[in-house]
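Residue numbers (numbering that gives the first Met the number 0), protein chains in the order written: chain A, 0 to 246; chain B, 0 to 269.
Worth flagging that the hints you see were computed from the coordinates, not collected in a lab.
You may find that some hints are simply not true.
[To be verified] Reference listing, derived: stretches of chain B covered by chain A, where coverage requires no fewer than 3 residues with Cβ under 8 Å from a Cβ of chain A: (1) 63-74; (2) 191-201.
[Said to hold, decoys possible] Facing chain A, according to a computed beta carbon distance under 7 Å, are these residues of chain B, among others: (3) Ala-118; (4) Ala-162; (5) Val-165; (6) Ile-170.
The beta carbon of each residue, even a glycine, is placed where N, CA and C say it ideally should be.
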Amino acid sequence: MMFDILLLVYIVLGGIFIGAGVHFIPVGGAPAAMSQATGVGTGTTMLAAASGLTGLIGAGSAYAVSGGDFAYTIVLGGVSAALMISILAFIANVMYVYGAGVPLSSAKIKYDPITKWRQDLYVSRGTEGHGTPMVSFISGIIGALIAGIGGALVFFALAETYNKIGGFAATFQSYPAPYYIALAAAFSIGIFFLNCVMASYNIGGTIEGFHDPKFRRIPKSVAASFVVSLVGGLFALLILPMLTGGF
Amino acid sequence: MAEGDRSPGSLLGIGVIGGLIGIYLANYLNMVTGTAWFSFIAALGAILAVFWGADAVRRVASYGLGTGVPSIGLLSIGAGQIAVLLGLAIGKFAGLELADPIIALILAAIVGIVNGVMARRVIKMNIAIMERSMTEIAMAASIILLGFSTAIAGSFAFDQIMAYVVASGFIIMVFIVGGMAMLHPFNACLGPDERQKRTLNLALSTGFLAMLVSGIAAGAINGVPAAVPTLIVAIVGWIIYYMRFWADTKQDAAAMLSTGLIPKEEEVMT
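This is chain A alone, in the form it adopts within the complex:
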């Protein structure tokens, strides 16, 4: 049984969404952990793992509950990831403001494009900003929504493919999730990490959001995500002909 080419398109599109979404997320890296740069104080890998896996759990449960409804899976995947990143950024902001005692500000722009508040006066000397100001926060929510939708697209395409394999509706012991959801989740995580790490190499580890000059590097990430998810998606979809006895 040959796989559906449309589903390969979903996976490639999902991969590109994941890569593009990372460019919106305020990743501060190690400097932000010492409140010396704008963004959430951890690396892209950790942020992507946190929001991506939450999105995947959201998408997976929506898929299982709705019996494979496309819109429900995609929306819940995106919303779960966005929810995770906003909780993460909010809690980090509480720590920056009340723990480290720094105002939320960005050194890359003079005025916050959303609140119109002055930024440069509040940046401590020798640092590049602190915490996650409003523009980065909103950017992060948009990015997680895009990346979560991308992850959910990959998951949806794989789950739709694997549920055609005979015997994969079975479950492990008394677990509620059937085999095909588990296999789709395992592959989605692989493809998710391929794309989000490629995107994080593109931004060189840190970015503040869509107002950051590094955001213009996005076309390179789209090209890399296209190739990487094409190969990953092809590998993932080839499981179907392999397990159903040929093309």
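We have chain A already, so just place chain B on it with the hints.
Frame of chain A, contents of chain B only:
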């Protein structure tokens, strides 16, 4: 950069040959005897791959990735995961389950090369050994995943791995724990005084910790015969190599290395 007593070639040999021997031996001894007593050998094979993978991570990450060491470890373990699952399915399709680990290794190399080429040529990361390192780490990751999965399921046949490792959810645990075992050593030891021997002793210690976790999972699947040898070997191995790492740390800490003067303000800003 990142030189050491052990050459990349010899580590590649240890990882590939040792890893494959471990996985095959565990599978066939389990099959011949009809028990799960020999599952722990597969985890030992995976530890040899951790040993190799940690050195490959060390070589590439010493150039400075800009995103932290974990990124390359998790990228490669993602590549390894895709390769292993397809490799097992191809083995089942072709009726060649015997060749599963080798097919998975070849597929991992393909995904690794693609990632390396993308990172160096499209993203334009200025690291000369990117392609080679990505390929090596993805191959090591595939042996790590397959080794710990075999230790849990007792066999590397697709059906067993699918039911006992993927459907039971242990695959995610193997993914993170195996990735951590490979990326943590250099992440913990990096710096001007980094030394290969210390990093690799830490790699063996984290490898045995990962084996400990997979031993607990093996107990849930195959019961006492799988869990007891795995847990005993893992605990003994972890204690031995953690003590060695600790001795190396104390030895290295006694040495002082000049890192130069504090950089001027304009140099900091760039």
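Hint by hint, here is what the structure shows:
Three residues within the 8 Å Cβ limit are the bar, and the region 63-74 of chain B against chain A gives 9, so the coverage statement holds. Given a C-beta distance limit of less than 8 Å, the hint that chain A covers the region 191-201 of chain B is violated, as 0 residues qualify and 3 are needed. Interface hint at B/Ala-118: satisfied, since its Cβ lies 6 Å from the closest Cβ of chain A, which is below the 7 Å cut-off. With a least beta-carbon distance of about 6 Å to chain A, the hint placing B/Ala-162 at the interface is held under the 7 Å criterion.
This hint holds: B/Val-165 has a C-beta 5 Å from the nearest C-beta of chain A, less than the 7 Å allowed. Look at B/Ile-170: its Cβ gets to within about 5 Å of chain A, closer than 7 Å, so that hint holds up.
Of the numbered hints listed earlier, the single one contradicted by the structure is hint 2.
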